[in-house]
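Enquirer: Sequence:
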Amino acid sequence: MDNLVINRRLTIPASQLSVSFARSSGPGGQNVNKVNSKVTLRWQIRDQPLISRAWRERFLQRFGTRVNVRGELVVSSERYRDQPRNLEDCREKLAEMLRQVASAPQIRKKTKPTLGSKRRRLDAKKRQSQKKRLRGRPTMD
Numbered sequence: 001m002d003n004l005v006i007n008r009r010l011t012i013p014a015s016q017l018s019v020s021f022a023r024s025s026g027p028g029g030q031n032v033n034k035v036n037s038k039v040t041l042r043w044q045i046r047d048q049p050l051i052s053r054a055w056r057e058r059f060l061q062r063f064g065t066r067v068n069v070r071g072e073l074v075v076s077s078e079r080y081r082d083q084p085r086n087l088e089d090c091r092e093k094l095a096e097m098l099r100q101v102a103s104a105p106q107i108r109k110k111t112k113p114t115l116g117s118k119r120r121r122l123d124a125k126k127r128q129s130q131k132k133r134l135r136g137r138p139t140m141d
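Residues 1 to 141 in UniProt numbering are what the sequence shown spells out, letter by letter.
Hints in this document: simulated from the structure, not taken from any laboratory.
You may find that some hints are simply not true.
[Said to hold, decoys possible] Below, simulated DSS-like cross-link-like pairs (lysine-lysine); rule was C-alpha separation at most 27 Å, straight line:
| # | residue 1 | residue 2 |
| --- | --- | --- |
| 1 | K93 | K34 |
| 2 | K118 | K132 |
| 3 | K126 | K112 |
| 4 | K118 | K131 |
| 5 | K112 | K125 |
| 6 | K125 | K110 |
When you get a sec, could you build the whole thing from the sequences and use the hints?
Expert: If you want it as C-alpha cells, here you go:
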C-alpha cells in the first residue's frame, strides 16, 4: 500500500494506516458470501504528530463520531464488489475528510445593510400593511 497524499503539506505514511477486511452485507449472492470485500481503514488521530493541534480540533469537532475510544478514525467501505476498489474508496474518504478541515473557516465580516435594501424593506412593509388595512371593516363616516 502506498503513502496517502492529502495535499502538498500532508502525506500519511502507509505504516500508520491499519486495514482490515470482512464480508460485505447486503445483496450479492455467492460473491458476498465468499469474498472479504468490505474494507475498514483505521488511523490514529488523537495523538497524531503529522497534523497541527488546530487541524486536529477542527477534525474532531466535525468528524468526532467516527473516532473510537482509542482515538482511531474508522472509515469503512463496501460500495464495490471487489476489495481493491473498496480500499481506494476508504483512502479517498479519509483524504477528503482531511481536506475539508485543512483550512480554518473564514470569519464573517459584519456589514451594514445598504440604503437601497433598507428602502426596499420599508416599502415592502408599507405595501403589506396597506394590504392588511384594506381587508378590515369599512368605516362608517
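Enquirer: Take the hints in turn and mark each one as holding or not.
Expert: Hint by hint, here is what the structure shows:
no.	hint	verdict
1	K93 x K34	holds (26 Å)
2	K118 x K132	holds (21 Å)
3	K126 x K112	holds (22 Å)
4	K118 x K131	holds (20 Å)
5	K112 x K125	holds (19 Å)
6	K125 x K110	holds (24 Å)
Violated hints for the displayed structure: none, as all numbered hints are satisfied.
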